[in-house]
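The residues making up each chain are set out below.
4 protein chains.
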Amino acid sequence: MELKGIYAPIPTPFTSDGSLDLPSLRTNLDAWTRSPLDGLVVCGSNGEQPFLEPEERALLVRTVRDRSGSRFPLVAGATQPTTRGTLELARRLADAGADALLLLPPHYFKGDPEGIRDYFVDVADHAPLPVVLYNMPANTGVNLGTDLILSLAEHPRIRGIKDTGGDITQLTVLCARRPEGFAVFCGSGNYFLPALAVGADGGTLGVANLYPGACDALRSAFREGRMKEARDLQHRLLEVSDAITRRHGVPGLKALMDHKGLYGGPCRPPLRPASPETVRRILEVDGKAHLDEWEEWRR
Amino acid sequence: MELKGIYAPIPTPFTSDGSLDLPSLRTNLDAWTRSPLDGLVVCGSNGEQPFLEPEERALLVRTVRDRSGSRFPLVAGATQPTTRGTLELARRLADAGADALLLLPPHYFKGDPEGIRDYFVDVADHAPLPVVLYNMPANTGVNLGTDLILSLAEHPRIRGIKDTGGDITQLTVLCARRPEGFAVFCGSGNYFLPALAVGADGGTLGVANLYPGACDALRSAFREGRMKEARDLQHRLLEVSDAITRRHGVPGLKALMDHKGLYGGPCRPPLRPASPETVRRILEVDGKAHLDEWEEWRR
Amino acid sequence: MELKGIYAPIPTPFTSDGSLDLPSLRTNLDAWTRSPLDGLVVCGSNGEQPFLEPEERALLVRTVRDRSGSRFPLVAGATQPTTRGTLELARRLADAGADALLLLPPHYFKGDPEGIRDYFVDVADHAPLPVVLYNMPANTGVNLGTDLILSLAEHPRIRGIKDTGGDITQLTVLCARRPEGFAVFCGSGNYFLPALAVGADGGTLGVANLYPGACDALRSAFREGRMKEARDLQHRLLEVSDAITRRHGVPGLKALMDHKGLYGGPCRPPLRPASPETVRRILEVDGKAHLDEWEEWRR
Amino acid sequence: MELKGIYAPIPTPFTSDGSLDLPSLRTNLDAWTRSPLDGLVVCGSNGEQPFLEPEERALLVRTVRDRSGSRFPLVAGATQPTTRGTLELARRLADAGADALLLLPPHYFKGDPEGIRDYFVDVADHAPLPVVLYNMPANTGVNLGTDLILSLAEHPRIRGIKDTGGDITQLTVLCARRPEGFAVFCGSGNYFLPALAVGADGGTLGVANLYPGACDALRSAFREGRMKEARDLQHRLLEVSDAITRRHGVPGLKALMDHKGLYGGPCRPPLRPASPETVRRILEVDGKAHLDEWEEWRR
Numbered sequence: 012m013e014l015k016g017i018y019a020p021i022p023t024p025f026t027s028d029g030s031l032d033l034p035s036l037r038t039n040l041d042a043w044t045r046s047p048l049d050g051l052v053v054c055g056s057n058g059e060q061p062f063l064e065p066e067e068r069a070l071l072v073r074t075v076r077d078r079s080g081s082r083f084p085l086v087a088g089a090t091q092p093t094t095r096g097t098l099e100l101a102r103r104l105a106d107a108g109a110d111a112l113l114l115l116p117p118h119y120f121k122g123d124p125e126g127i128r129d130y131f132v133d134v135a136d137h138a139p140l141p142v143v144l145y146n147m148p149a150n151t152g153v154n155l156g157t158d159l160i161l162s163l164a165e166h167p168r169i170r171g172i173k174d175t176g177g178d179i180t181q182l183t184v185l186c187a188r189r190p191e192g193f194a195v196f197c198g199s200g201n202y203f204l205p206a207l208a209v210g211a212d213g214g215t216l217g218v219a220n221l222y223p224g225a226c227d228a229l230r231s232a233f234r235e236g237r238m239k240e241a242r243d244l245q246h247r248l249l250e251v252s253d254a255i256t257r258r259h260g261v262p263g264l265k266a267l268m269d270h271k272g273l274y275g276g277p278c279r280p281p282l283r284p285a286s287p288e289t290v291r292r293i294l295e296v297d298g299k300a301h302l303d304e305w306e307e308w309r310r
Numbered sequence: 012m013e014l015k016g017i018y019a020p021i022p023t024p025f026t027s028d029g030s031l032d033l034p035s036l037r038t039n040l041d042a043w044t045r046s047p048l049d050g051l052v053v054c055g056s057n058g059e060q061p062f063l064e065p066e067e068r069a070l071l072v073r074t075v076r077d078r079s080g081s082r083f084p085l086v087a088g089a090t091q092p093t094t095r096g097t098l099e100l101a102r103r104l105a106d107a108g109a110d111a112l113l114l115l116p117p118h119y120f121k122g123d124p125e126g127i128r129d130y131f132v133d134v135a136d137h138a139p140l141p142v143v144l145y146n147m148p149a150n151t152g153v154n155l156g157t158d159l160i161l162s163l164a165e166h167p168r169i170r171g172i173k174d175t176g177g178d179i180t181q182l183t184v185l186c187a188r189r190p191e192g193f194a195v196f197c198g199s200g201n202y203f204l205p206a207l208a209v210g211a212d213g214g215t216l217g218v219a220n221l222y223p224g225a226c227d228a229l230r231s232a233f234r235e236g237r238m239k240e241a242r243d244l245q246h247r248l249l250e251v252s253d254a255i256t257r258r259h260g261v262p263g264l265k266a267l268m269d270h271k272g273l274y275g276g277p278c279r280p281p282l283r284p285a286s287p288e289t290v291r292r293i294l295e296v297d298g299k300a301h302l303d304e305w306e307e308w309r310r
Numbered sequence: 012m013e014l015k016g017i018y019a020p021i022p023t024p025f026t027s028d029g030s031l032d033l034p035s036l037r038t039n040l041d042a043w044t045r046s047p048l049d050g051l052v053v054c055g056s057n058g059e060q061p062f063l064e065p066e067e068r069a070l071l072v073r074t075v076r077d078r079s080g081s082r083f084p085l086v087a088g089a090t091q092p093t094t095r096g097t098l099e100l101a102r103r104l105a106d107a108g109a110d111a112l113l114l115l116p117p118h119y120f121k122g123d124p125e126g127i128r129d130y131f132v133d134v135a136d137h138a139p140l141p142v143v144l145y146n147m148p149a150n151t152g153v154n155l156g157t158d159l160i161l162s163l164a165e166h167p168r169i170r171g172i173k174d175t176g177g178d179i180t181q182l183t184v185l186c187a188r189r190p191e192g193f194a195v196f197c198g199s200g201n202y203f204l205p206a207l208a209v210g211a212d213g214g215t216l217g218v219a220n221l222y223p224g225a226c227d228a229l230r231s232a233f234r235e236g237r238m239k240e241a242r243d244l245q246h247r248l249l250e251v252s253d254a255i256t257r258r259h260g261v262p263g264l265k266a267l268m269d270h271k272g273l274y275g276g277p278c279r280p281p282l283r284p285a286s287p288e289t290v291r292r293i294l295e296v297d298g299k300a301h302l303d304e305w306e307e308w309r310r
Numbered sequence: 012m013e014l015k016g017i018y019a020p021i022p023t024p025f026t027s028d029g030s031l032d033l034p035s036l037r038t039n040l041d042a043w044t045r046s047p048l049d050g051l052v053v054c055g056s057n058g059e060q061p062f063l064e065p066e067e068r069a070l071l072v073r074t075v076r077d078r079s080g081s082r083f084p085l086v087a088g089a090t091q092p093t094t095r096g097t098l099e100l101a102r103r104l105a106d107a108g109a110d111a112l113l114l115l116p117p118h119y120f121k122g123d124p125e126g127i128r129d130y131f132v133d134v135a136d137h138a139p140l141p142v143v144l145y146n147m148p149a150n151t152g153v154n155l156g157t158d159l160i161l162s163l164a165e166h167p168r169i170r171g172i173k174d175t176g177g178d179i180t181q182l183t184v185l186c187a188r189r190p191e192g193f194a195v196f197c198g199s200g201n202y203f204l205p206a207l208a209v210g211a212d213g214g215t216l217g218v219a220n221l222y223p224g225a226c227d228a229l230r231s232a233f234r235e236g237r238m239k240e241a242r243d244l245q246h247r248l249l250e251v252s253d254a255i256t257r258r259h260g261v262p263g264l265k266a267l268m269d270h271k272g273l274y275g276g277p278c279r280p281p282l283r284p285a286s287p288e289t290v291r292r293i294l295e296v297d298g299k300a301h302l303d304e305w306e307e308w309r310r
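Protein chains in written order, with the numbering used here: chain A, 12 to 310; chain B, 12 to 310; chain C, 12 to 310; chain D, 12 to 310.
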């Protein structure tokens with residue numbers, strides 16, 4: 012499995028009573044299969060990972076694998092509070108068909124970098140799947156620093172990082188110093204182009220749930236040296252991306268999906284649905300971005 | 012149930028293979044029963060709450076209730092990521108004999124104060140036990156502000172707060188403006204005396220697992236206006252308290268318990284045992300504080 | 012000179028064209044002389060220190076000394092960006108009649124604790140007056156930690172600290188471990204009582220510009236073990252204190268002074284005058300606190 | 012005057028007794044004149060601006076203008092604590108030959124965004140030179156947000172921003188939404204390439220004091236779509252840039268200049284000289300970057 016390209020961190024569809032809505036997931040998958048997406052992250056932050064039981068995570072991965080076959084590499088969120096719980100979940104996710112594990116650092120008890128290192132190493136040593144580090148300081152309050160990441164990158168079973176910290180200097184240092192075979196992914200569509208410019212292998216982009224075509228066009232423009240076009244696409248993606256991630260979160264993403272022919276649906280409480288005013292603002296931002304022309308697969 | 016006095020947030024004893032060690036818990040309880048402690052918090056941060064399954068939490072509360080009867084009011088940590096999960100756990104904890112629920116705010120997805128309010132209100136409306144708010148920004152990255160706390164304090168089923176934020180101004184505002192019947196507890200032995208000075212009803216103090224006698228002596232000195240004595244006790248408690256909370260965490264607390272005739276034992280990974288060097292430093296701090304004379308119950 | 016008791020960090024009066032208004036300063040001084048204040052801080056943060064030229068600072072100190080004679084110990088803000096500039100200013104302030112220097116750490120260029128130590132030591136070694144450290148992280152972005160403070164406290168010419176950091180644990184550690192003769196002052200009326208409780212020698216309190224009588228009554232109640240009365244006074248002082256410091260700053264303090272028979276007047280731009288709405292809110296808070304009965308000197 | 016391209020924020024040379032060393036400044040200028048630099052920032056952070064008196068700033072600008080004629084546009088640091096002081100300094104700097112003013116927001120007293128806006132507008136309205144905003148949150152503790160910047164960008168005399176905040180998303184938003192004629196400069200060589208990728212007009216880069224040729228080569232590679240070459244240059248520049256800015260500051264920059272044929276010299280205390288160990292590490296980083304081949308002008 013190669014970590015490369017444009018990944019969507021897919022949201023988890025729920026019915027109105029809060030249970031998993033697998034038929035809607037399948038419908039979304041059929042659409043994404045027609046899109047230029049390169050891979051999927053299941054049970055990440057956009058998948059409301061803290062709200063999912065281990066058995067639900069396995070069921071989601073199994074459903075995605077069964078429906079989409081080998082179309083996508085599947086990275087599955089495997090974070091659990093204990094090392095043992097993470098390993099148990101890892102085994103379930105492997106059985107269900109995942110290709111790699113996405114792992115946050117332990118973060119309720121803070122202040123022990125050696126404990127963070129041990130956690131990743133223990134899981135990488137014993138889990139049946141390779142590990143992708145997940146740096147998400149806005150949610151965890153913990154920033155994985157470059158020294159720790161680069162030291163973990165030497166582990167043969169730790170294969171990459173999704174860095175959502177937003178520090179482009181850190182991302183550049185990682186790209187410059189990482190060992191061969193360790194993938195660097197940016198974790199937000201807010202800075203996909205600058206991440207590519209400094210050498211990132213790809214991105215796990217919330218906005219790619221809706222605009223993988225535009226993301227792909229940005230990447231092609233970048234690769235072919237059409238920088239003005241790439242920049243213009245980044246400017247337009249940024250406005251939508253920011254609205255459905257930092258500003259309005261998963262409820263915002265789901266609301267926009269509901270308006271664009273995909274299934275978004277409700278979040279699990281305590282996440283609240285986007286208010287009508289929020290939805291209005293998101294649709295306004297989305298309308299101004301004029302990005303639908305790249306998304307034939309959604310029609 | 013009245014929230015008042017000195018509570019110990021008890022650690023959860025584990026065997027070397029990581030399972031619950033209920034016999035050791037009972038041994039500790041028998042000791043605490045002889046102490047001047049007023050109440051217990053089970054499955055709080057010192058109880059490694061994020062590492063405990065719902066069924067384990069119920070079993071811990073049941074064990075404490077069975078062993079200590081009505082000796083202590085029991086506040087049980089009931090935080091779960093979803094509202095539904097919190098309510099399910101609340102029912103189990105009520106069945107197991109808890110008197111109140113200790114609830115962190117939702118904190119993985121940040122930035123929605125209304126969502127935090129709704130969560131507490133939903134649980135307070137539907138749970139079988141009264142709610143105690145738990146403000147722990149160092150661990151959660153979320154600070155419950157005074158306006159939110161005071162608005163929640165109007166709810167008849169929200170009965171108090173354990174504030175571990177360390178902002179004495181906020182604690183004072185809460186004491187000054189709270190409605191009758193809403194208890195304010197400080198959440199650290201680092202500032203038990205200043206908290207009493209500004210009007211707190213009590214404290215949930217990690218250091219009270221070992222030094223409830225000294226905490227009680229401080230409180231008596233304060234009540235009787237022997238401020239110099241109270242201050243001297245606070246100075247000495249602070250050094251130990253800081254060592255086994257902020258500085259060295261639950262592993263530090265457990266290590267010191269192991270050296271003082273109680274059962275500490277290992278934490279669940281990814282928490283790592285205190286290193287020999289750390290233990291040496293904790294024992295040095297503890298030795299210099301000369302606090303054992305107040306702890307007849309431990310002999 | 013002994014550092015002890017209740018100090019007012021006096022604001023600097025300006026005329027409407029922004030020049031020093033020494034007659035109004037003298038009028039205020041005559042009033043404060045009748046109050047129970049123990050000392051004055053001239054050219055501190057409430058004195059708009061960054062906006063004052065060295066010659067203005069000297070003139071302010073000279074004016075205060077001439078008008079109030081030996082009634083008050085005078086601590087003068089001597090911070091300048093360079094070590095050399097600080098020493099030059101220190102000499103002027105000494106000539107003008109100051110008793111001690113209040114010194115912020117260097118803070119534009121951050122991240123060199125040894126540089127901070129060197130700065131304080133260089134000034135203490137060569138200045139003609141003793142030094143009082145000034146910890147004000149909200150304004151400087153630099154927190155002086157306990158280890159650095161306690162190490163500086165060993166210097167025979169560094170005689171105390173005004174700590175406005177708001178961390179009661181840090182204040183307690185300082186009180187517990189400081190060498191004899193090193194004074195610990197809290198820097199805000201928000202937590203004067205808890206600071207006394209943990210052993211502070213006094214406070215430099217913005218609110219003491221207006222309510223030194225209430226501050227003095229709080230201190231007496233504390234000393235005599237009337238803790239309920241002390242607490243009640245703290246609760247009332249806190250509301251006013253917070254309004255004229257953290258919430259509305261020097262413009263808020265000056266506005267309230269203008270309403271209470273002292274001279275406040277305008278700040279120097281870019282500080283803007285308190286808006287009418289802000290003034291209304293401050294007066295409301297002040298009215299509810301009912302603190303004027305302790306302030307005979309102001310009538 | 013057009014703001015565009017690669018600017019060096021030049022350090023201020025001092026003699027060993029701390030006075031301005033204008034001959035050394037002229038020597039450096041003669042070298043920079045031969046380099047591909049597009050412009051200079053005088054009296055910025057790298058120029059130790061807080062340590063310079065107004066008359067010194069004027070003398071520095073005059074010296075640079077006299078020596079380098081019209082070779083470079085000159086942006087001069089004009090920040091003073093008061094609005095009045097800033098305007099007085101602005102007039103001096105205009106007389107001395109500056110082309111534009113670089114202005115930090117007021118930052119000792121925090122928390123009044125309207126006050127920040129008023130300050131910039133007052134100076135822009137009345138100063139004899141156009142204004143460039145300077146966002147430097149690491150030093151000031153104040154982040155100018157995108158809404159404030161974009162609103163100020165509408166002022167006809169506010170002509171650009173040097174953003175050293177390091178938030179690539181903010182930089183992208185500024186590039187996407189700014190009005191015509193408002194320049195966006197990145198303020199660190201750590202992320203020059205990503206800044207160009209999202210549309211920045213140039214950079215004020217500490218590393219450009221030493222490596223303007225490499226910066227220029229990066230820009231050319233970027234413009235001509237040779238992204239791999241641009242990325243490789245960014246990776247190498249980053250290591251040096253980070254060492255002489257965030258990690259070791261102005262003392263580090265000056266030390267490296269002393270080793271590369273330019274005049275660095277001492278900083279003004281309280282800034283301390285780089286330790287021998289620090290210098291050794293900087294030289295090691297510099298040696299590994301192999302950037303000298305682009306710097307014919309320095310030979």
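Because the hints were derived from the structure by calculation, they are not lab data.
A few of these clues could be false.
Note: identical chains are not told apart, hence a pair may lie in one copy or across any two.
Below, computed lysine-lysine pairings styled on DSSO-like, alpha-carbon distance capped at 27 Å [unchecked claim]:
id : residue 1 : residue 2
1  : 121       : 239
2  : 271       : 121
3  : 15        : 121
4  : 239       : 15
5  : 299       : 239
Can you name, in rising order, the numbers of the hints this structure does not satisfy?
-> 1, 3
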